[in-house]
Amino acid sequence: MIAEKVATSCRVVERSNAGPIPPRMGALVAMVVMALMACSPQGTGDLVVWNTMRPEGRAILDSLLTEFGAACGVRCSQIYYEPEELRSNYQIASLGGSGPDLVYGPGDQVGPFSEMELVATLESLLPPQFLEGFTPEGLVWRKGHLYQISDQIGNHLHLVYNRALVPEPPQDTDTMIEIARRLTRDEDGDGRMDYYGLAWNFEEPFFFVPFLGGFGGWVMDEAARPTLDTPATVDAFQFMYDLKFTHRVLPPESDYDTADALFKEGRAAMIINGPWSWASYLNKGIDMGLALIPKVNATGLWATPMVSTLGYSVNVNLRGPRLQLVLQLLQYLTSDDAQRAYARTMRTIPSRPAVLEDPVLAADALIGMSAAQAKVGRPMPVDPELRAVWDALRPNYQSVLNGTKSPAQAARDSQADALKAIAEMNQ
Amino acid sequence: MHHKDPPWMTVAIYAVLLIFVAFSVYPVLRVVTVSLRPGDQLHSRSLSIIPEHATFASYVTLFTKTNFLRWLMNSAIVSFFVTLVGVCLASTAGYSISRFSFPGRRAAMISLITTQMFPATMLLLPMFLLLRSLHLWNTFGGLIIIYSATALPFCIWTMKGYYDTIPSSLEEAAAIDGCGPVSAFRLVVLPLALPALVITALFSFMAAWSEYLVAAVVLSDKRLYTLPLGLKQFQSNFSTEWGLYSAGALIVAIPVMVLFLSLSKWLVGGLTLGSVKG
Amino acid sequence: MTREQRIAYAFAFPALAILGLVVLFPFGYNVVISLSNMGMKHFWNWRITGFQQYWSVFSEGIFYSTLAKTLIWTAINVFFHVVIGVSLALLLNRPLPGRAVIRTLLVLPWAVPQYITALTWRGMFHYEYGAVNLVLDRVFGLQGVAWLSQPVSTFAACLITNIWLGFPFMMIVALGGLQSIPAELYEAAVVDGASRWQRLWRITIPLLRPVLVPAISLGVIWTFNNFNVIWLVSNGGRPSDQVHILVSYVYRAAFNLYRFGYAAALSMVIFGILLLFSIRFIKGTKGTEAVY
Chain Y
29 MIAEKVATSC RVVERSNAGP IPPRMGALVA MVVMALMACS PQGTGDLVVW
79 NTMRPEGRAI LDSLLTEFGA ACGVRCSQIY YEPEELRSNY QIASLGGSGP
129 DLVYGPGDQV GPFSEMELVA TLESLLPPQF LEGFTPEGLV WRKGHLYQIS
179 DQIGNHLHLV YNRALVPEPP QDTDTMIEIA RRLTRDEDGD GRMDYYGLAW
229 NFEEPFFFVP FLGGFGGWVM DEAARPTLDT PATVDAFQFM YDLKFTHRVL
279 PPESDYDTAD ALFKEGRAAM IINGPWSWAS YLNKGIDMGL ALIPKVNATG
329 LWATPMVSTL GYSVNVNLRG PRLQLVLQLL QYLTSDDAQR AYARTMRTIP
379 SRPAVLEDPV LAADALIGMS AAQAKVGRPM PVDPELRAVW DALRPNYQSV
429 LNGTKSPAQA ARDSQADALK AIAEMNQ
Chain C
227 MHHKDPPWMT VAIYAVLLIF VAFSVYPVLR VVTVSLRPGD QLHSRSLSII
277 PEHATFASYV TLFTKTNFLR WLMNSAIVSF FVTLVGVCLA STAGYSISRF
327 SFPGRRAAMI SLITTQMFPA TMLLLPMFLL LRSLHLWNTF GGLIIIYSAT
377 ALPFCIWTMK GYYDTIPSSL EEAAAIDGCG PVSAFRLVVL PLALPALVIT
427 ALFSFMAAWS EYLVAAVVLS DKRLYTLPLG LKQFQSNFST EWGLYSAGAL
477 IVAIPVMVLF LSLSKWLVGG LTLGSVKG
Chain L
117 MTREQRIAYA FAFPALAILG LVVLFPFGYN VVISLSNMGM KHFWNWRITG
167 FQQYWSVFSE GIFYSTLAKT LIWTAINVFF HVVIGVSLAL LLNRPLPGRA
217 VIRTLLVLPW AVPQYITALT WRGMFHYEYG AVNLVLDRVF GLQGVAWLSQ
267 PVSTFAACLI TNIWLGFPFM MIVALGGLQS IPAELYEAAV VDGASRWQRL
317 WRITIPLLRP VLVPAISLGV IWTFNNFNVI WLVSNGGRPS DQVHILVSYV
367 YRAAFNLYRF GYAAALSMVI FGILLLFSIR FIKGTKGTEA VY
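Chains as they are written, first to last, in the working numbering: chain Y, 29 to 455; chain C, 227 to 504; chain L, 117 to 408.
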């Protein structure tokens with residue numbers, strides 16, 4: 029029945045797709061015509077999905093889109109953007125009344141998009157029996173409306189360790205530091221460390237948040253008010269500072285790429301990283317183990333990475349048959365089959381529990397550990413205020429790690445900056 | 227200033243020049259190195275230009291497994307038209323401003339530079355709205371118009387500066403021979419302005435060939451992607467296919483480099499923002 | 117209208133029409149938005165609120181500190197562009213075997229697309245793997261600098277990148293100027309017993325002025341508004357969100373912080389600053405004739 033519905037909605041939207049224009053360079057006039065007419069405006073064109081997926085995910089998305097397109101006689105395509113760029117380009121495009129049909133990204137992008145009314149409310153557009161198949165966190169609601177349907181849960185950080193260097197992963201931070209100190213060393217005596225115990229991205233506060241939670245703090249409260257100027261933040265900053273300057277187990281400068289490269293070369297024994305990185309480590313021949321980010325000794329609490337969803341939202345500008353078709357596509361892209369394909373290749377946690385009954389997935393140790401880490405993690409807030417919190421934390425976190433601000437000062441400034449940014453945002 | 231330098235000075239001059247040549251060339255060679263590295267590693271602590279286990283694999287992948295050729299063609303089409311528009315319009319507008327006096331001439335000249343003063347990123351949103359209302363969004367036409375407008379002010383300036391150095395007695399002589407002003411421009415002045423025309427062409431081409439920000443907003447259909455947009459697809463938020471990216475970047479850079487190198491003779495004579503009246 | 121004026125308008129019209137279309141509407145749009153409250157909460161339903169956004173621009177300290185950084189950025193860049201460019205032009209302006217090849221190689225930084233070189237330089241400033249530190253370490257035996265972890269050194273990294281990008285333009289402009297200085301002037305000066313140094317300061321530099329003044333004013337405008345290098349080398353203003361010049365801050369305010377009204381007002385202020393500068397600079401250096 030669904031297939032029939034897809035077919036009818038397709039017919040309405042069907043249009044002339046001239047296909048690629050042959051690259052014949054004839055008369056100048058022909059070229060002018062070609063250059064100006066090479067595409068029809070999107071209102072009548074292909075279905076387009078903007079996404080932030082990594083290359084493996086895009087390959088799966090491509091094949092799903094091809095299948096759906098073939099069933100419907102419509103061309104579907106996907107375009108990749110970096111998350112930031114996806115946000116700015118989507119703002120411009122949807123304000124102008126166009127933009128992609130579906131926009132894919134982390135759950136927190138729902139905050140600004142829903143506030144700016146750039147994405148459609150979905151609760152009355154999708155069949156209830158379809159929505160029932162999701163875990164509660166798999167559907168992203170905000171202020172009483174449903175804005176995003178996820179195809180995976182996770183995207184959270186873990187402790188990844190190199191078994192060749194760390195036989196037994198640390199369970200608490202003291203052990204982690206002790207192991208790291210042992211493994212940080214200057215092999216050739218040139219004054220620069222050649223091996224590091226621990227590495228991760230020092231630029232993004234996303235990588236700091238697990239410890240913030242471990243010290244008993246969090247980024248904001250239920251009412252989306254930032255809670256950064258707390259003893260917990262100060263302690264967590266101090267912990268970071270000590271790792272770098274007291275215990276000296278971190279590289280002097282480390283963005284994502286550095287940490288990643290160090291771990292791949294076997295020059296960093298442990299790294300804090302997410303599911304997107306595993307395939308590349310395994311391919312490099314690193315005997316990689318996965319563990320929970322350790323318990324903080326000072327508080328006895330597990331570190332709490334932010335657990336978010338990744339999923340699709342629908343462009344607010346869509347109407348009529350095209351909207352119906354896009355909703356079909358949305359259901360197709362988040363279906364059991366699609367999620368199974370992603371989970372098998374990318375080891376992600378599906379947002380439809382039925383998918384986990386797949387024997388291959390049920391037996392997968394990485395997915396199992398990832399689910400365990402998600403259990404001790406905390407869900408990522410979807411309010412646009414989170415943006416202000418990131419922007420306030422980022423420079424202060426960086427200042428602590430380059431030694432230019434004391435932890436107490438950085439915590440105070442983070443809170444003040446976040447409050448100021450929220451006020452500016454809401455003016 | 228062509229008096230013979232003492233030998234020690236020639237040596238010193240060469241030394242200074244070579245230091246700067248190294249400074250200019252090295253970063254470009256770095257891109258070559260990354261493109262030849264096996265695997266997708268950006269990071270290596272080796273300084274050699276030809277990396278260990280050098281391979282052309284990235285180039286092969288680029289041409290056989292990606293849409294690189296299509297992006298190349300798209301960029302070529304867009305750049306070709308921007309160059310055409312730039313040369314035609316800058317040569318005429320520059321001539322008008324150089325030779326004729328008319329109400330609004332000064333205003334036109336001043337507004338040319340003022341176009342460079344507004345932060346380009348803030349023009350993205352209104353430009354997008356404009357192109358949509360003209361049905362030029364997501365077309366090469368829209369891109370060509372915007373790029374032409376980006377390149378024109380500088381090109382008109384250059385053309386005007388160069389025309390100023392051509393004595394107007396030439397046109398007067400042509401007029402005596404029965405040439406109208408339009409044919410005097412076409413037959414007498416334009417051929418003499420060749421160096422400036424070359425610069426104009428080069429600039430217009432460059433404005434279009436490797437532009438990213440505007441293209442990302444204007445084009446949304448992958449089949450229309452230009453090179454910079456295509457190359458961006460090799461990146462992802464946490465990992466980048468650096469080998470592919472560098473190989474692609476190099477191939478993007480090569481046509482511009484070749485143009486520059488083959489035109490460098492004209493470059494020196496043609497870039498007359500203002501003239502030396504000795 | 118005289119026939120001549122008709123021709124003049126016909127010649128100038130197409131170019132000015134395209135410029136008007138692409139520049140005037142967006143500019144007008146920005147003027148309107150700069151007077152509105154367009155932002156995250158009022159994205160579709162914005163309304164005119166007067167000069168409130170301008171007040172925000174001038175009342176926030178960040179404007180002044182970013183303006184100061186922009187001025188330093190522009191001054192240092194243009195200074196080095198001119199000094200390096202003119203010096204290399206002087207060295208090249210003589211019969212020298214291999215001159216054409218050297219000149220060609222020196223133009224290379226200009227020929228490679230900016231976004232490629234900016235990202236390449238960012239890679240070269242990397243602490244562990246960057247070529248800059250590796251050269252410091254292996255060639256000069258110096259300790260590496262963690263360039264991209266401190267705002268000041270990141271700013272320096274951006275400066276080095278942009279100086280690299282910008283000197284060839286000035287070099288070519290200066291070479292063009294030098295070649296059009298008549299050789300007789302120098303011969304006369306030699307007859308009068310002028311030293312090299314005197315010839316440089318009395319003949320070469322004054323005669324280069326009319327060429328350099330417009331190039332410098334254009335250089336200042338371009339550098340002041342150079343978004344690419346700052347944004348790409350510092351990865352969006354990092355670390356600590358301190359590595360900004362006004363244009364990159366505008367971008368951040370609009371697209372990362374959703375403050376469209378504020379960003380438009382700030383853009384207008386940038387425009388005003390550059391307009392004032394150009395008028396004063398070009399008048400002050402009597403470069404008017406060459407430009408207009």
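Hints were generated in silico from the structure; no laboratory data involved. Wrong hints could be hidden among the right ones.
Pairwise CB distance ranges (calculated) [as the list claims (entries may be wrong)]:
1) 287(C) - 351(L): 18 to 28 Å
2) 351(L) - 315(Y): 29 to 39 Å
3) 251(L) - 408(C): 21 to 31 Å
4) 215(L) - 276(Y): 31 to 41 Å
5) 365(Y) - 488(C): 51 to 61 Å
6) 431(Y) - 332(C): 35 to 45 Å
When the alpha-carbon atoms are kept at most 35 Å apart in a straight line, the in silico DSBU-like pairs for lysine-lysine are as follows [unchecked claim]:
7) 272(Y) - 185(L)
8) 312(Y) - 448(C)
9) 157(L) - 171(Y)
So the derived list for chain Y, only partly shown, Cβ under 8 Å to chain L, looks like this [to be verified]:
10) 73
11) 110
12) 111
13) 112
14) 116
15) 148
16) 280
17) 414
No residue lacks a Cβ here, since even glycine has one placed at the ideal position from N, Cα and C.
Outcome of the hint check:
1. 287(C) - 351(L): 18 to 28 Å: holds, 27 Å
2. 351(L) - 315(Y): 29 to 39 Å: Holds - the Cβ-Cβ distance for residue 351(L) and residue 315(Y), about 32 Å, lies within 29 to 39 Å.
3. 251(L) - 408(C): 21 to 31 Å: violated, 58 Å
4. 215(L) - 276(Y): 31 to 41 Å: Hint violated: Cβ distance 53 Å, outside 31 to 41 Å.
5. 365(Y) - 488(C): 51 to 61 Å: Cβ of residue 365(Y) to Cβ of residue 488(C): about 55 Å, so the range 51 to 61 Å holds.
6. 431(Y) - 332(C): 35 to 45 Å: violated, 56 Å
7. 272(Y) - 185(L): Status holds; Cα separation ~30 Å.
8. 312(Y) - 448(C): holds, 32 Å
9. 157(L) - 171(Y): holds, 15 Å
10. 73: violated, 24 Å
11. 110: The hint is violated - residue 110(Y) has no Cβ within 8 Å of chain L, the shortest such distance being about 10 Å.
12. 111: violated, 11 Å
13. 112: holds, 7 Å
14. 116: Given a least distance of 4 Å, the restraint on residue 116(Y) holds.
15. 148: For residue 148(Y), the interface hint is violated, since the closest Cβ of chain L sits about 14 Å away, which is over 8 Å.
16. 280: Nearest chain L Cβ about 5 Å off; hint holds.
17. 414: violated, 13 Å
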